[in-house]
Each structure stands twice: as C-alpha cells, then as structure tokens.
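Just so you know, the sequences run in chain order A and B.
If you use our numbering, the first sequence corresponds to residues 1 to 548, in order.
If you use our numbering, the second sequence corresponds to residues 1001 to 1178, in order.
It should be emphasised that the hints constitute simulated quantities derived from the structure, not laboratory data.
Where a beta carbon is used, it is the ideal one built from N, C-alpha and C, also for glycine.
One or more of the hints may lead you astray.
Said to hold, decoys possible - According to the in silico footprint, chain A covers these stretches of chain B (three or more CB under 8 Å from chain A):
(1) 1080–1090
(2) 1134–1144
Claimed, not checked - Restricting the straight-line Cα-Cα distance to at most 27 Å, the calculated cross-link-like pairs of lysine-lysine (DSSO-like) are:
(3) Lys-1113/B to Lys-461/A
(4) Lys-1125/B to Lys-1020/B
(5) Lys-483/A to Lys-1125/B
(6) Lys-93/A to Lys-77/A
(7) Lys-118/A to Lys-351/A
(8) Lys-1161/B to Lys-396/A
(9) Lys-1072/B to Lys-256/A
(10) Lys-19/A to Lys-88/A
(11) Lys-1091/B to Lys-396/A
(12) Lys-1036/B to Lys-256/A
(13) Lys-165/A to Lys-19/A
(14) Lys-256/A to Lys-1125/B
(15) Lys-118/A to Lys-256/A
Read off the chains here:
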Amino acid sequence: MQLDELKAIAEKKKASAKKVCLRTCLSAGCISSQSDVLHKNLATEVKAAGLENDVEVRRVGCMGFCGQGPLVGVDHKEGKEELFEFVKPDDAKAIVSHLKGGACDVQKGDPQHPFFAKQVKIVRANGGIVDPENIEDYLAIGGYQALHHALTEMNSESIIDTITKSGLRGRGGAGFPSGIKWGTVAKSPGAKKYVVCNGDEGDPGAFMDRSVLESDPHLVLEGMAIAAHAVGADQGFLYVRAEYPLAISRLQIAIKQAKALGLLGSGIFETPFNFNVDIRIGAGAFVCGEETALLASIEGERGMPRPRPPFPAVKGLWGCPTLLNNVETFANISAIINKGADWYASFGTEKSKGTKVFALTGKIKNNGLIEVPMGIPLRQIVEEMGGGAPDGHSVKSVQTGGPSGGCIPAEHLDTPVDYESLGKLGSIMGSGGMVVMDDTTNMVEIAKFYMEFCMDESCGKCIPCRAGTVQMFHLLEKITQRKATKRDLDKLEELCDMVKNTSLCGLGQTAPNPIQSTLRFFRSEYEALLQPDATGAPVGANGTAKAH
Amino acid sequence: MSATLSHPNPGNAKYDRVMKVAAGDKRFKILEVTMKKNQFRHDSLIEVLHKAQELFGYLEDDLLRFVAYKLKLPPSRVYGVATFYHFFSLKPQGKHTCVVCMGTACYVKGADKVVEALQNKLKVKSGETTPDGNVSLLTARCIGACGIAPAVTYDGQVSPKQTPEQALEKIGQWLQPA
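Excised from the complex, chain A in its bound form (with noise of 0.2 Å):
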C-alpha cells in the first residue's frame, strides 16, 4: 500500500456517494431498541421505493445522543441535515417516503440543539458518520494518512515531541502527560517493546471508550500504530472488558481489514515499520483498569497490581517497556498528527489541553456522550447542554470520576472542567463518567453504593483496600440504619485517610473519594443520621468523645 492507493480508495468512496445518506445508529445503546432491525427495514424499504441509487442506507456507531435514541439521520448532498428520534422498526416505511417528499409523523430532533452545537469533536468527529465495520469509510474521510505521514515524514524525536507540544494528557483518568510516558518507552533500553490499549473501561456510568471502540475502531488502530512507530514497538494488545461484546466484534473486523489492506502487519506503506495489533478479552475486574493489573490480566494471571516503580514504561508486560494509554487517548492522536500540536493545544486550558468525551447520565434531560473542550464550565454541560434535571426537580450535585472521584455540589458548578480545578474541588476528571444527581438523591447512599463496588473489586492484594473498605462499607451501612454515633463518623474519617495513604493501587487510594468528597459537601445528610452516643453528648457536635 502506497499513500497514492490510498487516496485513490478514498476518492472512490467520496465519488460513489449517493444523494441521499440515511444513517442509522447501530451501537450497544440503540440496538437495544431494535435499530438493528430497523436498518434492516430502511434498506428494505429504500429497495421497494426503488431508490437505491439515490440512497444509501449506512450503519453507523454512536450519535451520542443515546438518551433519544434509536437514532437515524438523513444527510442530503447539497448540505442539509435532519434527524430523527426514538425511531422504531415501524417507522422506516414513514422515513422512507419522507425522502419522496411524503409526509412524516416520526419524531423530528434538532441537529442543532444545543446537545450537539456546544460539541467540539475530535475523538468523535466520525461517531455516527462513518460505518465502523466499513474500513472505505474511514479512508474516505482522510484516514491512515496520519500514520502513512508518520511514518514517512517523522521519526521517533519528532513524534514525541509533537504529542509534548500538543499537551495531550491521559484521558484514563490521572492525566499524566502523553509525551513524556511516550518518550520514557521510546528511551527504555530493550530490544522488544509493547504497545497496549486500556478499553477496560469499568467505572460504572461511563461508556466514552465503548463508543469510541464501536463507532469508530480505525481511530484507535492508527494512534496505537503510530504510538509503535514512536516508540520502537512492534506488537499490541488491546484490552476490552467482556461486557462490550459488539466493540470486540467491530475491532476484530476493523483489524481484518486493516492487515488486508496492508495497513497493519508487516512492511506497512513499504517502510521496514511492523505492527501487530492481538484483542485481549478482559473477564470482568475493575482493579484491571489500573495499568499493572491489566498487564497482569494480558499475562493471564490474576488482575493484581504491583507496586511501581518499576513503571510499565521501563518494565511492563513480560518485563519489556510498554506503552500504556487509554482509548480515548490513543484516539486523539492521529488528529494531533494531521493538524499540528499547536492546532491541539489552542483547544482546552493552559494545563488541559484539547477536547474531553463525557457521558452525562443520571438524573438529567438529555442523556448521552458529548465532547467538549476542557475548561468549559460544568454549568454548561449540566443546563444547556444536558437541559438540567428532568420532572421539575433541581440539580443536587454532578459525579464524576465514579468509585475514584467525587460529587461536586450545585453550588460550583461554575467549576471550569479540567484536571486541576476538578482535583481542588477533591473529585477526578476520571475517564469520562458524569452522573447528575437531583434533589431527590441521598448522599450517603451514594458514598454506601461506591463503597460497596470498591469492597467487591478490590482484589485483596494489600490489606488497606481489602479490609478497609469493609469496614468502611459497615459503617456506612451503620450510618444509613440509623444506628451510628459521632464516634462512628468519625472512626469513619479516620478510615479514609488510613485507606488513601497506605494502599497499593489507585483503586485502594481513591476508594475513599466518594465518603471525603460527599461529607464535605453534604455533612448534614450524615450527621441527621447519627444517634446521640452514651455520653448524651448532642448529635454533631464538637468535642464529643474521639474515636479510638
């Protein structure tokens, strides 16, 4: 494969496109409500009105507007755009003769609503666009010409220091700067290096990375193809949690398709550079969302972390250097490489760079994935974009991070969303989960439903994690049975602080988050659980007996 074969594909595609492109949402999400059928049934129906050489019927992955979802949008040539929403296996006939100029009761949403207008896409620019199980697509919209670039125009130096520039940070959740992990695997001494994807995305309300695999899996292959090229590495792995079922099937089909085309394996555009790109099936641990853990689970042993240093950039998987980034990071790259580090880095705020997807779920309007640019106010996301908490209630606070992170009150959230604002406030970016929660959640059962997730996945190793969050679950559960004293509470805060200083992995340390972060904010909901201890002292107040 050459850059010109490449082109000529791509133009191929570009000039067999048709009038009209109705594209329908086939990700986890919208099959759910039988979009798969109703693709089924648009082809059907383009074929009996005889408009297929007018039409094309395209399976796209996710719109990101889930919540509205099944999803099916209509592209016409001369520019206009349309959609449609909670559109069901019935509706095709409707849409199709809507095409004629026919009328139409389907629900009709705006392209314009302030969900997708406040986008800035770069991760998701072709989510809902491009047919993911359909490499041309990718082709058509200028894909692979960031690795063909790569591979021809730059080396190692000038990669890395592209991804320093761009101030690309890890979108795995602590924001460890790309350019220096990348040029710390490139520097580590060893004649074999790896190259591994972080799809265990387990933070349950987050599903960033499942889009991102599902609608578009191209993207990721080709940052992780040029992240090899960066850093001497030949072979992958990418790592997805068994409960994505669909984002496996898709990579496995876009590998396919890109070792058929020359793109991956051996000799790619000619050049002596070889990548091999192997799926790894993760089995259902959170802990291996943690990067040794997961190399440990890619060896087939049990998902338990080590402690580092070493770091996996110096001694990773079977003790060579490995290179580990989240999906979403490895999807930000080949952008990087097309548009420049300056391009890049004019999105976002001075220590956040570029864009951030978010899932915004809970209680609020407009459910689904958006990516935004970073430092935009929470407020933004949560009222205009998310259109505030459904049912006449009020937002009571926005969660992110999950297990690892915190709630951030109403009251700031004028907070600009980035990694350093979000840490002040004693949350996490996280990997992308934004749950909104409204007047009707309590606090201390959310802190009690984190807590116990982190007692079952903790997976033992180091005693903090594995015996502290029981006891910290009981005194949860305690607390919300009303059978808890002051002295209780504060053993309770005692415990966190034991926990977050001395476990091994950042499951154990930031476990507590969610108890520190929700009795900052909402003491009170804890403190009218309590019950008066022996001594009679009044419920919360200061100077009561000290825990032991």
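On the provided structure of chain A, position chain B as indicated by the hints.
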C-alpha cells in the same frame, strides 16, 4: 516464571477420570483446538477459560483440571484465575438469565428497585438461581448502556429504561409453566 505440574501423568486418578470424561465429549476437542491455536501458551489462560465457559455454560472442577493439564499449569493457578474474575461462573446458570445493570447511572434511576422487585418475585437473592434452575438473577457492574438507564439484559438481549413492572412482566413469561 514457568510453572510445571507435579503429577500430570496417567495413573493419577483425577487425571485419568478427567481424560475419560473428556474423551467422550466433543466440546473438549473444540476447547483443545482453541488451546492449540494459542500454542498452549500460559498467557492464553483467560482466552481459554472464556471459550470453556462459552462451550459449557460454566466452569466445573473437572473442566478446570482439564485446562490445567493441557496448558501444563498447576490447577491452583487455573482455579485462582477462574475465581478472580467475575465473568467466570463456577456454578451452572439457570435456563434464563436476567442481568440488571447496577452501574451508577442505572442505580440513580432506580435499578435497585428493579432488583428488589425481582428478588421478591423470584425469592432468590441477586447472584442466585431459582431452585428449579429456571431463572438466574444477576447484577452487572455497568454494561455501558448508561444513556438508556436503567438497562436490564434478558437472556442476552438488552432492554432499555426498565421499570420494576416491566421487569416483572418479562420475568412472568419465563415463570409460566410450559
């Protein structure tokens, strides 16, 4: 770190029993093909267990022993991995399975009430199977369908925006005598 077996040889009573069972069952052959495809590599253990569960529905002791013998791994390592990951089940599942997603988005939208209703109806706790082996009630951490919360998976089919009433109705179809 290559672990070896102490007694993987014929003559070992457990080994002989497992191989005898395996000889008469085609599924073991298919499983062995999967292992062969992975060159019997130790790091393919999780893939092999996925295939085993797909073939047999759950991982019983002799099946785990078979995997251990074939991959030349200590049974303790195979058992350790099988019990570490939630996805692997060591007990048979019911004829029908109902998986309620208990991710955060589903939880704040009332998935806990769906679970409660189902527990009361089926008279089992989540993670259990009804005594007649008809229905298994399970909860999932997050199936990534947060946009359509609360989501429930009935026999592998995800259903969106479920209420306790809808869930009970669905389950009711399974409970009717055939």
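Here's how the hints hold up against the structure:
no.	hint	verdict
1	1080–1090	holds (count 7)
2	1134–1144	holds (count 5)
3	Lys-1113/B to Lys-461/A	violated, 33 Å
4	Lys-1125/B to Lys-1020/B	violated, 37 Å
5	Lys-483/A to Lys-1125/B	holds, 25 Å
6	Lys-93/A to Lys-77/A	holds, 21 Å
7	Lys-118/A to Lys-351/A	holds, 21 Å
8	Lys-1161/B to Lys-396/A	holds, 22 Å
9	Lys-1072/B to Lys-256/A	violated, 31 Å
10	Lys-19/A to Lys-88/A	holds, 24 Å
11	Lys-1091/B to Lys-396/A	violated, 42 Å
12	Lys-1036/B to Lys-256/A	holds, 21 Å
13	Lys-165/A to Lys-19/A	violated, 41 Å
14	Lys-256/A to Lys-1125/B	violated, 43 Å
15	Lys-118/A to Lys-256/A	violated, 36 Å
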